[in-house]
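One-letter residues, chain by chain:
There are 2 protein chains.
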Amino acid sequence: MEKLKKTLEMIKPANSNTVEEAQKHLDNLTKPPGSLGVLEDIAKKIAGITGEVKPPLPKKTCILLAGDHGVTDEGVSAFPKEVTPQMVLNFLNGGAAMSVLSRHVGAELIVVDIGVAADLSDHPLLVKKKVAYGTANMAKGPAMNRDQAVQAIEAGIEVAEKCLQSGTGIFGTGEMGIGNTTPSTAITAFYRGSGVAEVCGRGTGVDDQNLKLKVRVIEKAIELNNPDRDDALDVLSKIGGYEIAGMAGVMLAAAANRKPVLIDGFISGAAALVASKLQPLAVDYMLASHLSEEPGHAAALDLLGLQPYLRMNMRLGEGTGAALAMSIVDGALKIVHEMASFADAGVSNKD
Amino acid sequence: MEKLKKTLEMIKPANSNTVEEAQKHLDNLTKPPGSLGVLEDIAKKIAGITGEVKPPLPKKTCILLAGDHGVTDEGVSAFPKEVTPQMVLNFLNGGAAMSVLSRHVGAELIVVDIGVAADLSDHPLLVKKKVAYGTANMAKGPAMNRDQAVQAIEAGIEVAEKCLQSGTGIFGTGEMGIGNTTPSTAITAFYRGSGVAEVCGRGTGVDDQNLKLKVRVIEKAIELNNPDRDDALDVLSKIGGYEIAGMAGVMLAAAANRKPVLIDGFISGAAALVASKLQPLAVDYMLASHLSEEPGHAAALDLLGLQPYLRMNMRLGEGTGAALAMSIVDGALKIVHEMASFADAGVSNKD
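So the sequences go chain by chain: A and B. Using this note's numbering, count along the first sequence one by one with no gaps and you end on 351. Using this note's numbering, count along the second sequence one by one with no gaps and you end on 351.
Please keep in mind that the hints were generated in silico from the structure rather than gathered at the bench. The beta-carbon is built from N, C-alpha and C at its ideal position, and this holds for glycine as well. Careful, some of the hints might be misleading.
[Unchecked claim] DSS-like cross-link-like pairs, simulated, lysine-lysine; straight-line CA separation at most 27 Å: (1) B:140 / A:350; (2) B:350 / A:212; (3) A:59 / A:3; (4) B:350 / A:220; (5) A:140 / A:220; (6) A:277 / A:140; (7) A:334 / B:334; (8) B:5 / A:350; (9) A:59 / B:334; (10) A:334 / B:59; (11) B:162 / B:350; (12) A:350 / B:212; (13) B:129 / B:5; (14) A:140 / B:350.
[Claimed, not checked] Facing chain B, from chain A, some residues (calculated, C-beta under 10 Å): (15) 1; (16) 40; (17) 295; (18) 324.
[Claimed, not checked] Computed footprint of chain A on chain B, listed as stretches where at least three residues anywhere in the stretch have a Cβ under 8 Å from a Cβ of chain A: (19) 11 to 17; (20) 139 to 152; (21) 164 to 172; (22) 185 to 198; (23) 334 to 341.
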């Protein structure tokens with residue numbers, strides 16, 4: 001709890017002065033004001049985060065947290081639970097979509113076992129931070145106890161801090177965990193105060209019948225556990241998951257250390273909601289990479305007040321949207337560094 | 001006219017067999033079917049275009065065509081006409097947004113003077129294909145004569161063919177031309193058969209009063225010139241522009257040679273409309289990179305039946321959206337090449 005408390009205390013608002021300076025700089029570049037849209041928004045947001053109008057191009061790190069979910073016993077997922085450890089190996093061997101896209105954008109990919117329900121062999125790219133062998137079935141009781149939830153958040157913070165020591169300048173958040181759209185839907189529906197069906201999607205692809213089942217299981221989990229709306233740790237521990245907790249930890253560590261962090265899809269959005277409830281200022285440090293096909297993602301981003309950049313109809317998770325958006329962020333920073341001003345280029349400005 | 005005719009005759013439909021094979025290949029990769037959304041759509045479309053399920057990563061070339069517009073005499077633009085040649089120099093010197101973003105994605109940038117109303121000095125990166133010193137004022141008569149329109153399309157084809165000889169595997173289309181949202185709006189409104197005001201935007205940033213003026217000027221140009229809906233060359237020559245014609249030429253050459261071509265923003269969308277009227281099959285070879293803030297762009301893409309990938313609120317043109325999307329296309333192709341299958345990775349498939 002000490003590490004989490006300290007991290008939350010370190011989070012301060014973004015720097016509004018450097019945002020203004022960045023705006024002035026952008027308006028001097030050879031283009032109509034604002035015409036680069038989101039690229040300009042990103043450049044300004046990162047100026048506020050880092051306190052620098054022209055921050056160096058950041059070292060990019062994607063942290064992928066893997067965990068299992070006891071609630072899969074209820075039949076809420078289209079894929080069997082064994083897929084979680086199998087996919088961890090796939091990430092480590094470089095064959096998963098997230099492996100490919102991290103390489104594509106030049107990002108380091110760090111894979112963390114935070115709660116996989118299997119023993120994983122040692123691997124130079126695997127960080128072992130297992131809190132438990134998956135969560136308990138939230139349809140029958142709390143997914144985690146409070147200590148486990150804190151331990152998982154702090155594991156995320158520790159992994160992020162280690163990356164910061166090696167020079168990471170921007171984080172992407174990703175996850176793997178069969179069944180994890182179920183707790184993410186529970187968290188999103190709970191904070192939204194809406195019906196579960198409105199924000200519940202098909203995850204990896206359940207059919208109509210299992211979609212109805214999934215909705216009922218989530219409704220039951222919320223009712224049974226009755227989380228305290230004013231206590232994010234209570235919500236997270238009762239209806240969350242280890243990788244969700246760990247992702248929230250990464251986001252809080254990024255905010256505490258004034259580094260941008262890219263939200264990925266729906267699971268990442270649910271983790272961002274938890275992080276924002278622990279410290280609302282953390283949202284200042286978050287960038288929404290893409291809009292997932294999972295219906296709950298738009299709801300989560302809406303609650304966070306974040307606009308997604310890419311609309312690619314993706315719904316894979318893993319951090320794939322965050323990875324793709326890292327290239328967009330680099331593009332935005334290069335605009336700041338490399339574009340000529342009206343004066344330098346001898347271009348006439350608007351009348 | 002011979003080159004245009006030959007190019008149009010070379011355009012054949014995309015290969016539906018390789019699209020199907022690509023679908024099968026994608027469904028075998030370690031992810032839920034379809035979960036990579038647009039990345040999978042791109043991979044399939046390019047399989048159909050190239051006739052290869054696993055085409056090599058293409059050499060990327062952005063062709064930026066610059067031209068001026070007599071209609072700026074009517075006061076339809078927020079920036080003075082001198083900016084066109086000034087910006088050409090900025091592109092050549094590497095200081096424009098398009099210069100920065102082309103470098104960012106590893107694309108070659110080729111700048112073509114196809115109708116700039118000024119003499120430009122020689123430069124190793126400048127291709128000289130000037131048809132005239134800007135179009136005539138379309139509010140007072142046709143912007144070009146038919147021969148000039150054909151010459152400009154063929155100039156675009158020639159530039160693209162030269163790129164193909166040097167190994168270009170994917171094209172981006174970009175432009176520079178103060179005033180060029182005016183002919184683009186005219187073309188889009190004309191083909192859509194709607195009121196001009198519905199698709200007319202602020203371009204580089206005209207105020208409310210000049211926006212009204214711009215609408216009236218375009219209405220007048222369409223009425224006065226009365227183009228023949230069934231004759232794309234008539235439409236293009238009367239209410240188009242040199243860079244629009246040249247971009248259409250690049251698109252047709254890409255289609256004729258089975259290479260993908262990325263549509264950029266509004267001007268590029270208007271050029272794509274013209275190309276599609278000359279040969280509807282050309283649309284098979286077009287990918288829509290982003291959705292511009294210019295209201296007419298959505299209308300043009302809708303007429304073409306194309307879905308844009310990025311929604312970045314950009315409205316700069318130059319090819320900036322196409323350049324950004326090139327990195328997304330590379331990502332999609334790497335997914336096809338580098339992802340492991342369920343069998344290879346030992347991952348259990350859906351029940």
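**Message:** Are any of the numbered hints broken by this structure? If so, which, sorted upward?
**Reply:** Violated hints (numbers, rising): 8, 11, 15, 17, 19, 20, 21 and 22; every other hint is consistent with the structure.
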